[in-house]
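Participant: Using the sequences and the accompanying hints, generate a full structural model.
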Amino acid sequence: MPRYKVTLSYDGSNYGGWQKQMNTHSIQEEIERTLERIVKEPVSIHASGRTDAGVHALAQVFHFDSNKNLSNENWKRALNSLLPKDIRIQQVETVSDTFHARFDAAGKRYDYLISEDVLNPFYERYMAKDRAHLDVAYMQECANVFIGTHDFTSFTSSKLDPRKPRIKTIHRLEVRKEKHAVRLIFEGNGFLRYMVRMISQTLIEAGKHKLTKEDIMQMLEAKDKHVCRYKADAQGLYLVKVNYKNQEE
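The sequence shown lines up with residues 1 to 249 when you count with the UniProt record's numbering.
Hints were generated in silico from the structure; no laboratory data involved.
Every residue, glycine too, gets a C-beta built ideally from N, C-alpha and C.
Check the hints yourself; a few may be wrong.
Simulated restraints, written as ranges between beta carbons of each label pair [to be verified]:
1) Lys213 with Asn80: 40 to 48 Å
2) Val39 with Glu141: 49 to 57 Å
3) Val118 with Asn80: 31 to 39 Å
4) Ile167 with Val118: 35 to 43 Å
5) Glu124 with Arg176: 16 to 24 Å
6) Lys177 with Lys210: 16 to 24 Å
7) Met217 with Ser9: 33 to 41 Å
Below, a list of computed lysine-lysine pairs in the DSS-like style, where the Cα atoms sit at most 25 Å apart [what the hints assert, rightly or not]:
8) Lys76 with Lys40
9) Lys225 with Lys168
10) Lys231 with Lys159
11) Lys20 with Lys68
12) Lys223 with Lys210
13) Lys223 with Lys159
14) Lys179 with Lys129
15) Lys129 with Lys210
16) Lys164 with Lys225
17) Lys164 with Lys223
18) Lys225 with Lys208
19) Lys213 with Lys225
Facilitator: So this is what it looks like as structure tokens:
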């Protein structure tokens, strides 16, 4: 049965996250329902990972199998014609039946955006807001603490499965001042639940000089879920890219 790799963008504002859940509307549910309308039978999709309620994606990836005889371009057209306008299919590719959107992912990029313009209603769903003037240079100095391979137990959800490894590698953590926002760029081989949001808020507090670099080093070295009480708002977070093994950059 042919397997398809799909790259999509979505505005997460109106959803309870990627994954299907009992009491909220999810992006996965919306896509599977749409695929069922096209192929006239249930279809399961498998994503590179979950995003939480309110989190956005520029290039999430999922795969699915189907015997429906459609070209890649017609899959894209059919899906976009039926999906809500806040979920857009960017590309459909035919791939090997051994490809897996989650298990073949070699790394991801997330961006986090913070605006000082707290009165701008058009940023409400798409950036975190903080009226403080952030010290971007000091945020970068503190961000360097996280680069490399570390145990990130202090910066993840307490609900994380205890069997799941907490060791991850961050290759890049850049703090960039832009015209309308401060952008945090995370690139790594993978991220734990809430990890990017918890590190982001920690760096925001450092940018307000409420935390020192030494404080952050101690938090990381503690490997203790209870030492970090910071978690940035969901709407500032974007899944920007998923990298795959043997993928040409």
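Participant: Now tell me, hint by hint, if it's right for this structure.
Facilitator: Verification of the supplied hints:
A beta carbon spacing of about 46 Å between Lys213 and Asn80 agrees with the range 40 to 48 Å that was offered as a hint. The hinted range of 49 to 57 Å is satisfied by Val39 and Glu141, whose Cβ atoms lie roughly 53 Å apart. At roughly 35 Å, the beta carbons of Val118 and Asn80 sit within the given window of 31 to 39 Å. Distance hint check for Ile167 and Val118: the Cβ-Cβ separation is about 37 Å, which falls inside the suggested range of 35 to 43 Å.
In this structure, Glu124 and Arg176 meet the distance hint of 16 to 24 Å, their C-beta atoms being roughly 22 Å apart. Lys177 and Lys210 have their C-beta atoms about 19 Å apart, which keeps the hinted 16 to 24 Å range intact. The hinted window of 33 to 41 Å between Met217 and Ser9 holds, with their beta carbons roughly 36 Å apart. For the proposed pair Lys76 and Lys40, the alpha carbon gap of about 17 Å is at most 25 Å, so the pair holds.
Simply put, Lys225 and Lys168 have alpha-carbon atoms about 15 Å apart, close enough for the 25 Å limit, and the pair holds. For the proposed pair Lys231 and Lys159, the alpha carbon gap of about 15 Å is at most 25 Å, so the pair holds. Straight-line distance between C-alpha atoms of Lys20 and Lys68 comes to about 24 Å, which keeps the hinted pair within the 25 Å bound. With a C-alpha separation of about 21 Å, the suggested pairing of Lys223 with Lys210 holds against the 25 Å cut-off.
Of the supplied pair hints, the one linking Lys223 and Lys159 holds, its CA atoms being roughly 15 Å apart against a limit of 25 Å. As the CA atoms of Lys179 and Lys129 are separated by approximately 15 Å, the hinted pair is consistent with the 25 Å bound. In summary, the hint linking Lys129 to Lys210 is supported, as the alpha carbons are separated by about 17 Å, within the 25 Å threshold. As the CA atoms of Lys164 and Lys225 are separated by approximately 14 Å, the hinted pair is consistent with the 25 Å bound.
Taking the CA atoms of Lys164 and Lys223, the gap is about 14 Å. The hint holds against a cut of 25 Å. Note on Lys225 and Lys208: the hinted pairing holds, with a Cα-Cα distance of about 23 Å set against a maximum of 25 Å. Taking the CA atoms of Lys213 and Lys225, the gap is about 19 Å. The hint holds against a cut of 25 Å.
In the structure shown, no violation is registered for any of the earlier numbered hints.
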